[in-house]
Amino acid sequence: MEGLYAFCVGLLTACGIFLTLRGRSFSVVIGLTLLSYAVNLFLFASGRLKLNAAAVLGESEQYSDPLPQALVLTAIVIGFAMTAFAVILAMRARADLGNDHVDGNLPKLPNEVSNKSSGGNK
Amino acid sequence: MQHLSIFPILIPLLFGAIMLLPPISRDITSQRISSVIGTLFLLICSALLLFQIDTSGTQLYALGGWQAPFGIVLVADRVSSLLVLLTSFLGFAVMLYAIAGKDKGGAYFHPLFMFQLMGINGAFLTGDIFNLFVFFEVLLIASYALLIHAGGKQKTQATVHYVILNLVGSSLFLFGLGILYGTLGTLNMADMAIKVGQLQGEDATLAKTGALLLLVVFGLKAAMLPMHFWLPKTYASASAPVAALFAIMTKVGLYSIFRVYTVIFGEHAGELENIATPWLWPLALLTITIGSIGVLASPSVRTLSANLVIVSSGSLLACAAINSVEATSAALYYMVHSTLASAALFLLADLITRQRGQAEDRFVKSRMFTQPKLIGFAFAIVALSLVGMPPFSGFVGKVMILQATQSSVQTMWVWPLILIGSLGALVTFSRAGTTLFWRHSGSTSNDAEPASKSEIAAIALLLLAAPILVIFGGAITEYTLQAATSLHDIQSSAYDLIPGVSR
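As you go down the protein sequences, you meet chains A and B in turn. In case it helps, the numbering used here puts the first sequence at residues 14 to 135. In case it helps, the numbering used here puts the second sequence at residues 7 to 509.
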């Protein structure tokens, strides 16, 4: 179970980082969401993974650490608020700057430049 | 007054919330009045708190009465109460500036300003590392909205970068926290300081990973070298009061570095002793270097002040890397000085922009100011103070940092960099001053409105700090020395902070 869990968190983080490093604000927002999912899952695991263990004392023989769950709850709330803000900001930037690139202006790719110049010649 | 230590968080929260309610939220005049009253009230409470801590020692405030290692506590010691007072003073002065008209650019400026103050004060006061994260988020979400206040293409562009970077930073913060909780089983800073000494083997390696992840996050906030690129653009595009308030934001990161890497991972941490020092040391020096190059290359007053913030961050990081009581004391003094002086320069840059028409605050030949004497005088004081010339606070701060270097190796690296950095600032300020005040076309702009009384009062308040920090230098350095001693003396302070743990 531990291995699968660690793999999932790692995969989510890797995808999140990859998407965050992309140029369009949409994929960046998706990347941030994936990162925050990964963080939340990771925080859950920081109290050790256990089977058949309740978070409430006295409900079962074993109990799991309740503190990470409180942390995750806070982190989820904050993460949602921040993601919502990032989405709205991305829309605002799309409207203000005229494109959805995080830098505010689209980088000119070499083939696009040559296409335009050849189009101009015709 | 046992509840005094929570007031710096509660007052801005209450005032901010009240200002969102209908009778006040619709009327800008009553918003301004309540903002000024709120910040003034906050200032008085912070001063009282500092006085109380100074006479009766560190105070613990268990929120909801839950005991320390598991419940959340606020810790008001000399360091945090000094920085809370600094925040409140800065907030009050900046608010005086903002009510002259800069707050009209968009809705909710005043409530957001209050929430920002609440977040900063909370980050300084908390004794629990997860709560530090929560307050970081509070101050960040307020700062996102404040940064984009009054709108415009430039601001949107800068805010997108700032928000994305800080969201990634928050994720890293949580990863670091999770690792530390997994290995140490506690989130209370004092408790962590005790438990970290018992870590061995794989757990120690894991905890080291978590601690260094936290260093990345704090370094991002503090504009440490590889993570400083967001700062000049963000600060230069923010509106004047917001940029001036942001002068304290890098200090929140620096404060966290001082807290975490002297209290938790300091000299008593066993295998993890001083883990941050080998990273902090080169990065601090490089930050000063890059900041100084940025200062020399600045084309306008606002970029200049943003780059000066990077230089002061570098100097403070160097103090953290030296890691002695004297260095921490110097850092605390320098933090107060550099926050107030750079805030004054940001406000002044706005006056300069307004009175020079199209040239704005760029260093180019333009028409004359409407109020050349006032602005020139203020500019001279700020410049002398930030360069570190004798009559003003920058001098004392820099001398204290230079004196705090212990070994000859440290002296060899720190002295030249700080002195050459100061020379660079001097060169840039002379260039800026001569261009702004002497190379003008003679005509003044008629349409530029002169600085209003509250704006002058705000700048005067911030400027007054420079001579006052020198005149009362003896008392203040004694205070910072005591504060630094209490920060470094883990053995007594950490145990005092958690009554539940036996000695």
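Take these hints with a grain of salt, some might be off.
Below, simulated EDC-like cross-link-like pairs (lysine to aspartate or glutamate); rule was C-alpha separation at most 16 angstroms, straight line [what the hints assert, rightly or not]:
#1 B:LYS110 with B:ASP209
#2 B:LYS159 with A:ASP78
#3 A:LYS121 with A:ASP109
#4 B:LYS159 with A:ASP113
#5 B:LYS239 with B:GLU279
#6 B:LYS159 with B:GLU277
#7 B:LYS159 with A:ASP116
#8 B:LYS239 with A:ASP116
#9 A:LYS63 with A:GLU74
#10 B:LYS108 with B:ASP60
#11 B:LYS110 with B:GLU208
#12 A:LYS63 with A:GLU15
Partner residues aside, some chain B positions facing chain A, computed with beta carbon under 10 angstroms [what the hints assert, rightly or not]:
#13 TYR67
#14 PHE139
#15 ILE154
#16 THR162
Honestly, the hints are just simulated from the structure, not real lab data. No residue lacks a Cβ here, since even glycine has one placed at the ideal position from N, Cα and C.
Hints and how they fare:
no., hint, in the structure
1, B:LYS110 with B:ASP209, "violated, 53 angstroms"
2, B:LYS159 with A:ASP78, "violated, 48 angstroms"
3, A:LYS121 with A:ASP109, "violated, 20 angstroms"
4, B:LYS159 with A:ASP113, "holds, 13 angstroms"
5, B:LYS239 with B:GLU279, "violated, 36 angstroms"
6, B:LYS159 with B:GLU277, "violated, 50 angstroms"
7, B:LYS159 with A:ASP116, "holds, 11 angstroms"
8, B:LYS239 with A:ASP116, "holds, 12 angstroms"
9, A:LYS63 with A:GLU74, "holds, 12 angstroms"
10, B:LYS108 with B:ASP60, "violated, 37 angstroms"
11, B:LYS110 with B:GLU208, "violated, 56 angstroms"
12, A:LYS63 with A:GLU15, "holds, 10 angstroms"
13, TYR67, "violated, 20 angstroms"
14, PHE139, "holds, 8 angstroms"
15, ILE154, "holds, 8 angstroms"
16, THR162, "holds, 4 angstroms"
Of the numbered hints stated above, those contradicted by the structure are hints 1, 2, 3, 5, 6, 10, 11 and 13, listed in ascending order.
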